[in-house]
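**Q** Just so you know, the protein sequences line up as chains A and B, in that order.
Heads up: the first sequence begins at 1 in the numbering used here, then just goes up one per residue.
Heads up: the second sequence begins at 134 in the numbering used here, then just goes up one per residue.
Any given hint could be a false lead.
Pulled a few chain A residues facing chain B out of the computed Cβ check, cut under 7 Å [claimed, not checked]:
no.: 1; residue: 16
no.: 2; residue: 17
no.: 3; residue: 111
To list a few chain A residues with every Cβ distance to chain B over 10 Å, as calculated [stated by the list, open to error]:
no.: 4; residue: 46
no.: 5; residue: 87
no.: 6; residue: 125
no.: 7; residue: 129
To be clear, the hints were calculated from the coordinates, so they are not data collected in a lab.
Using N, Cα and C, we set each Cβ at its ideal position, and we do this for glycine too.
There are 2 protein chains.
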Amino acid sequence: MTQGEGWLDELTWTPDGLLPVIVQDHASGQLLMFAWMNREALAETRRRGEAVYWSRSRQRLWHKGEESGHTQQVREIRVDCDQDALLLKVEQVGGIACHTGRASCFYHRLGDHDVWEVAEPVIKDPRAIYGER
Amino acid sequence: MTQGEGWLDELTWTPDGLLPVIVQDHASGQLLMFAWMNREALAETRRRGEAVYWSRSRQRLWHKGEESGHTQQVREIRVDCDQDALLLKVEQVGGIACHTGRASCFYHRLGDHDVWEVAEPVIKDPRAIYGER
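Pulled out of the complex, with its shape left as it was, chain A reads as follows (with noise of 0.2 Å):
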């Protein structure tokens, strides 16, 4: 542990080594993801002020926006009364945060008759945002 990383021990990870994060638009307050940090991508994002978060699926760091160019430009980092959720206030470049292509990942909301219903527009087609794979 290098000097001056007293405010990462004083965090409540998980056994894995992880925290929750939660993503909002700084401005307009829209949530716009949810994901996961290990101790180096929080020092990572602290650093860069750009959002890195820890991809469960890949087990590696990943930079958001590192393939669509929708980087997180952090405002503010905070923490809830347990330590134990972050949350990040952040500029969405692009307005788009949702590899879908849509503003938020938040986009399926519950109807009156118990169904998940799409409730945010497509901004961008995603093979324009990550191209044809």
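Here the structure of chain A is known, so what remains is to put chain B in place on it, guided by the hints.
**A** For chain B alone, coordinates are given in the frame of chain A:
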């Protein structure tokens, strides 16, 4: 499983049968808290129209506000693109979500010198909310 619970089956529960839940004020957009639900908690939340969580520390259902009176009236339930994180938009009764008597549990902000600073005032003394314990 009873009829009409298909919407619960579309969610991706952890191996422990849980889902992370982000709770946001429906009007202001303020992030209030972060919690967990199991299937029963979510079904009960839907039935009551008030937030019911799974308390991992107490290993039981936790009807938010059962002691404090600070219940959460659910205005909308959303799920993310991976179906593994929920967003509740609520009306926070009493305007206090945190057991410390603050509006939000996310009251620590990482300051310029990498120190966690208190960024939200106490609205009501917890002893007045919960009584002397």
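**Q** Decide, hint by hint, whether the structure agrees.
**A** Structure-based check of all given hints:
Restraint check, residue 16/A versus chain B: the minimum CB separation of about 12 Å is more than 7 Å; hint violated. Checking residue 17/A against chain B by beta carbon gives a least distance of about 17 Å; that is not within 7 Å, so the hint is violated. The criterion of a C-beta within 7 Å of any C-beta in chain B is not met by residue 111/A, whose closest approach is roughly 9 Å, and the hint is violated. With a closest Cβ-Cβ approach of about 7 Å to chain B, residue 46/A is found to fall inside the 10 Å limit, against its non-interface label.
Distance check on residue 87/A: its Cβ comes as close as 5 Å (rounded) to a Cβ of chain B, failing to clear the 10 Å threshold; non-interface status is violated. Its beta-carbon lying about 15 Å from the closest one in chain B, residue 125/A satisfies the requirement of being farther than 10 Å from that chain. With 10 Å as the threshold on Cβ separation, the claim that residue 129/A sits away from chain B holds: the shortest Cβ distance comes to roughly 14 Å.
Violated hints, listed in ascending order, are 1, 2, 3, 4, 5; each of the other numbered hints is respected by the structure.
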